[in-house]
Amino acid sequence: MLRVEHLSKSFGGVRATRDVSIDFPAGSLTAIIGPNGAGKTTFFNLISGHVRPDEGRVLFDGTDIVGLSSLEVVRRGMARAFQVASLFPSLTVREALTAAVVSHQRGSRRVFSRFPVAAAGRRADEIMDLLGLAPKADVLSANLSHGDQKLLDIGLALAMDPKVLLLDEPTAGMGPEERWRMIGKVHRLWEVTGMTMLFIEHDMDIVFKIAQTIHVLKYGAVLAQGSPDEIRRNQDVIDAYLGTDHRLSETVGEA
Amino acid sequence: MRPGLSPAGLRRPGLARDVAIALTGLALLLALPMAFPAPALRDFLIYFFAYGLLAMSLNLLVGLTGLVSFGHAAYFATGAYVFGLLMQTGRVSIPVGVLAAVGGTALVALVIGAICVRLKEIYFSFITLAFQMFIHSVIVTWVSLTGGDQGLRGGIPRPPVLGLDLNDARTLYGACAVVFVLCILAMRQVSQSPFGYTLRMIRDNPARANFLGVDVTAMKLGIFVFAAAMASVGGLILALFVSGAYPEFAFWTTSGEAIFMIMLGGIKIFLGPLVGTLLLQTLNHFVTIYTEHHGLVLGTVILVIVLGLRRGLADVLFDWLQARRAPRAAGPAPGSLEAEPIGDGALKGRTV
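So the sequences go chain by chain: F and V. Per full-length UniProt numbering, the first sequence runs over residues 1 to 255. Per full-length UniProt numbering, the second sequence runs over residues 1 to 352.
Bound-form chain F, shown alone:
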């Protein structure tokens, strides 16, 4: 479904992504993890067309989408949700979702019909039911709780009927309990829709619990990849997360 090959990107002297090659099969649920500054969000920006890579290819459904605008990438079926929920503060949940569906149905130019269009409204209702946002349908996006804002952000991406969904830290800024609720919803969403999902996550417990495959990034390069069990035992990953200080101190002690 989605495959990246030898993806590289530098910002000035900083190599944010180094020769990353990953294959995401159709219907997979993949976690991207890594310490702060590992280049996870940059990786999402590169594949969603927001930032153009210096080198490499992004194959979506077999065609190279490097160089396409984020608009074209969305229209081909790859949508994303953001680390900081990116919403429309003055629209209600229903209005925002309906407007997003209208856009997906190429209806944004219609001036003779009235908003909300019935078909788009029904799809928006479905999305609200799927995410449990129905009770908040008439609440302004700006007045939603943090968790509901993150859900609405995902809902907007779902309005694009994506084949591939990129979630940039769906649980960012949440307390432990809320995190589990949120990730439960994400997991159910994946089971129900069967789409290819990639998510960035910091909480190791969550990642090991739900992801099928994990890719660990460090300094922009793939440090390790594999199933949760393989990653859990990988010495490089342990070092990246705990630091190598514990071993350094041993060396210093010996000297």
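If you are wondering where the hints come from, they were derived from the structure by calculation, not from laboratory data. Possibly wrong hints are sitting among the right ones.
Unchecked claim - Straight-line distance between alpha carbons at most 20 Å, and here's what the computed SDA-like set of lysine to any residue pairs gives:
1) F:K163 / F:G194
2) V:K120 / F:S69
3) V:K120 / F:H50
What the hints assert, rightly or not - To list a few chain V residues with every Cβ distance to chain F over 10 Å, as calculated:
4) A40
5) D43
6) L85
7) E121
8) I302
9) Q322
As the structure is a prediction and not an experimental result, all values here were calculated from the model. Every residue gets a Cβ at the ideal spot worked out from N, C-alpha and C, and that includes glycine.
Position chain V relative to chain F; hints supplied.
Only chain V this time, still in chain F's reference frame:
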């Protein structure tokens, strides 16, 4: 702006309600001069129509799309001059002149807009201002065509339309009122259409709208051209009424006045800018009768409203109605506890 004309869409109750309100408004406007036959009232209202269309169309950019144009009067003037020049040839009827003026203005706006809408925020504001000054310069320097700073003189002929003699002041007033109400209705329809809600997305968060498949540049250009076309109708109403066109129509102060009208009236209610237009026109027309220092009075009123109310007059009314409605709605419904309250602050900048 492709026509997606569907009969089902036209039968929606929202439109029926708007048409009913528009017809009531039109009846009121037509009845007013009959109740108070002084010509001064008619003249005042025609000025109100012209500047009202300018302010309302500018609010499609400012309030609905979040594009603060400083050069909107350029299209007001373009409409007035194209219409005036065409009518002076004596070869076109008024409807053809109107269509050509609106179409011509839309074309000018398409070219200028294609450049402007790619810029953001203050850069957009300044480039629109720059193009306005450019059009003003063309009008002032192309003396052989436009009469330069003397304005388009010699009068604008008013051949009869469908047997109506527009040289009769009452008929002229009635025709202007009908055109005015039709334009307001068209703007209302656009603001309530899927396109209108797409513009709200762009106002709130253009980057996100782009990630949701919205062609932000094309949408902005669409509303820019439509707003310019609506402003041109205001301009040609004024040209028809004063039987001439003047470079002041295209001067930056005219754009500034339109922004004042929006600020004075408010942006939370669709018709808010018309309240501001009424206020500013009242000040302009009546204060000048009593004092030469009408600028001083005008400035004071604007200061009081901006510093005292911190919102437009129509916004004050809207907030008051919201505040009155809120406790009543919360009272009888026990299940409303889980519904989050919609505070005044959250509605800031929300065009209803």
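Note to self: Checking each numbered hint in turn, tell me which of them this model violates, lowest number first.
What the structure shows: none
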